[in-house]
Amino acid sequence: AQRVTQPEKLLSVFKGAPVELKCNYSYSGSPELFWYVQYSRQRLQLLLRHISRESIKGFTADLNKGETSFHLKKPFAQEEDSAMYYCALKETSGSRLTFGEGTQLTVNP
Amino acid sequence: DGGITQSPKYLFRKEGQNVTLSCEQNLNHDAMYWYRQDPGQGLRLIYYSQIVNDFQKGDIAEGYSVSREKKESFPLTVTSAQKNPTAFYLCASSDRALSGYEQYFGPGTRLTVT
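If you read the protein sequences in the order shown, they are chains A and B.
Be aware that the first sequence starts at 1, since it is given in this note's numbering, and climbs by one per residue.
Be aware that the second sequence starts at 1, since it is given in this note's numbering, and climbs by one per residue.
Keep in mind the hints are simulated off the structure, nothing from the lab.
For clarity, every value in this text was computed on a predicted model and none was experimentally measured.
Cβ atoms here follow ideal geometry from the backbone N, Cα and C, with glycine treated the same way.
Treat each hint with caution, since some may be false.
Okay, the calculated bits of chain B under chain A, using three or more residues with CB under 8 Å as the criterion [said to hold, decoys possible]: (1) 34–46; (2) 74–81.
Subject to a maximum C-alpha distance of 25 Å in a straight line, what follows is the list of computed DSS-like cross-link-like pairs (lysine-lysine) [what the hints assert, rightly or not]: (3) K15(A) <-> K65(A); (4) K57(B) <-> K90(A); (5) K9(A) <-> K22(A); (6) K22(A) <-> K73(A); (7) K14(B) <-> K90(A); (8) K70(B) <-> K83(B).
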C-alpha cells in the first residue's frame, strides 16, 4: 500500500532563509506527486505537481525516485509562505490521493 | 468563492444521532471525495466517487456512508457507529480532463458531537 511521510510537523525559519519541507513516499508503481498548501482561513489548494516541473511562488520540488522523496524547497522564505503544507501521492491508475501528515511552516520576521 | 460548497460550516450533534454533511460542486467534475482532517494526522480519505451512482471506500470508511445520485452532489452521513466523529470534514472534486487530477477543495465543515 502507498504511504506518504512528512517527518516534520512544525518548521520555523526566519524571513529570507532557505526552507525545505521534506516528503518521503513508498509506492511500488510510478507515482505522481503533489504539494498542497492551506493558508490561514483559506481552502486547501494545489501548490505544484512534479510532472509540471514548474516553480510556483518561488517553490520547487524534484522527484527523486532513488530516495523516494519529493522535498519542497524555496531559497528565500517570505512571511506570506506561513501555512500548512501537505505532500500527496496519486497512484498510477485512478484518481485518489494519499496525503502526508502535513508540515506547519512558520516564517518569522 | 464558487466551485465547491459545503454546508453548514459548523455542526453540533448529540452522541447517537446520525448527521449528514452536504457537498455540492458546479465544476462539472466527475470525481468527488470526502476527507477527514485531524491535527497531526493529515487528510484521511473516507469515501470517493469517480462517477455518478458509484463510490468506493477510502481508508477510514467505517461509521460513514455516502450516496452519489447526482453529479453535483456527494453527501456524507456520519452514523452513530463512528466512534470518534468530532473532526473537520473536507470535500473535494476533480476531473482528469478538466483539471488533470488536481483536486479542488471546499471550505470544510467542523462537526462536534457531544
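To see whether the hints hold, each was checked on the structure:
no., hint, verdict
1, 34–46, "holds (count 7)"
2, 74–81, "violated (count 0)"
3, K15(A) <-> K65(A), "violated, 31 Å"
4, K57(B) <-> K90(A), "holds, 16 Å"
5, K9(A) <-> K22(A), "holds, 10 Å"
6, K22(A) <-> K73(A), "holds, 9 Å"
7, K14(B) <-> K90(A), "violated, 37 Å"
8, K70(B) <-> K83(B), "violated, 29 Å"
Going through the hint list in order, the structure does not satisfy hints 2, 3, 7 and 8.
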